[in-house]
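K.L.:
Line by line, the protein sequences are chains A and B. In terms of the working numbering, the first sequence is numbered consecutively and its last residue is 212. In terms of the working numbering, the second sequence is numbered consecutively and its last residue is 132.
There's no promise every hint is true.
To be verified - Partial selection, computed: residues in chain B whose CB lies under 7 Å from chain A:
id : residue
1  : 50
2  : 61
3  : 75
4  : 79
5  : 83
6  : 113
7  : 120
8  : 125
Source of the hints: derived by calculation from the structure; they are not laboratory data. Keep in mind that this is a model prediction, so the values were computed, not measured. All C-beta atoms, glycine included, are put in the ideal place defined by N, C-alpha and C.
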Amino acid sequence: GNSVTQMEGPVTLSEEAFLTINCTYTATGYPSLFWYVQYPGEGLQLLLKATKADDKGSNKGFEATYRKETTSFHLEKGSVQVSDSAVYFCALSEGSGGYNKLIFGAGTRLAVHP
Amino acid sequence: KAGVTQTPRYLIKTRGQQVTLSCSPISGHRSVSWYQQTPGQGLQFLFEYFSETQRNKGNFPGRFSGRQFSNSRSEMNVSTLELGDSALYLCASQPGGANTEAFFGQGTRLTVV
Chain A
99 GNSVTQMEGP
109 VTLSEEAFLT
119 INCTYTATGY
129 PSLFWYVQYP
139 GEGLQLLLKA
149 TKADDKGSNK
159 GFEATYRKET
169 TSFHLEKGSV
179 QVSDSAVYFC
189 ALSEGSGGYN
199 KLIFGAGTRL
209 AVHP
Chain B
20 KAGVTQTPRY
30 LIKTRGQQVT
40 LSCSPISGHR
50 SVSWYQQTPG
60 QGLQFLFEYF
70 SETQRNKGNF
80 PGRFSGRQFS
90 NSRSEMNVST
100 LELGDSALYL
110 CASQPGGANT
120 EAFFGQGTRL
130 TVV
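Kindly produce the complete structure, drawing on both the sequences and the hints.
P.N.:
Right under this line is the structure:
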C-alpha cells in the first residue's frame, strides 16, 4: 500500500539555521503531496502542497518540490525562527475515485533555539 | 469564514463506556474525514463521509463508527472503550473533490481510564 517515510527527529537548530526535513513516499498513481504543521495543543495546519511532478509548493519561507524520479518531497527553509518550533508531517493524498484519504509520515519534531 | 469546530475538546471516559465526538466542517464543505493520532501509531485514517454516505474506511474495528447529517456535520462514536483508544481525534473538512486541501479542527483529546 501507499506509505510516507520521514526523517526521525527531533531536529534541533539554532535560529537562522537552514532546515531540511526529508520525506519519501511509496504510491501507485500520482498522489498529491502535502506538508502539515502541528503546534502544541493544536490540530494540523496545511503548510504547503504540490499536486504533480516538479511542482514546488511554498509558504512562509518553506519550500518543497515534488520529485517523481526520487519519490521525494523534502521540506526546506533557509532561515528558521523560534516560532517554527513544531511537529511537521509529510502526507500524500489517496484521492483516486474521488475519495479523500491522507497517509501521513510519523512526523518530525523541530526545536529552534535563540 | 469559520473553521472546523470539534466538540468537546477534552473527554475522560471509563473502559467499557461509549463516547460520541462531534465535528462541524467549514460551511460549504461536504467531505468530513476522521483521524486518530497516538504517540505509538501516529496519524491514522478512520473514515470519510461525503453527502451523508461513508465512502472510505480505514482499518479500525467495528467499535468505531460515524455518521454525517444533511448539514454536513459529522459525529463519530466509539463503543466499549479500551485504554488503547486514548488519543487525539482529528476531524478534517474538505470541499468534496479528490486531492483537495484538508482543513483540520483542533481535535478532541479522549482519555480512557
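K.L.:
Each of the hints needs a verdict: does it hold here or not?
P.N.:
Verification of the supplied hints:
Below 7 Å, beta-carbon pairs count as interface contacts, and residue 50 of chain B has one with chain A at about 5 Å; its hint therefore holds. The interface hint given for residue 61 of chain B holds, since its Cβ lies 5 Å from the closest Cβ of chain A, which is under the 7 Å cut-off. Interface restraint check: residue 75 of chain B against chain A, minimum CB-CB distance 4 Å, threshold 7 Å, status holds. The interface hint given for residue 79 of chain B is violated, since its Cβ lies 13 Å from the closest Cβ of chain A, which is over the 7 Å cut-off.
Interface restraint check for residue 83 of chain B: the shortest CB-CB distance to chain A comes to about 15 Å, outside 7 Å, so the restraint is violated. With 7 Å as the threshold, the beta carbon of residue 113 of chain B comes within range of chain A, its nearest partner Cβ sitting at about 5 Å, so the hint holds. Hint on residue 120 of chain B holds. Least Cβ distance to chain A is approximately 6 Å, under the 7 Å limit. For residue 125 of chain B, the shortest C-beta to C-beta distance to chain A is roughly 5 Å, which falls under 7 Å, so the interface hint holds.
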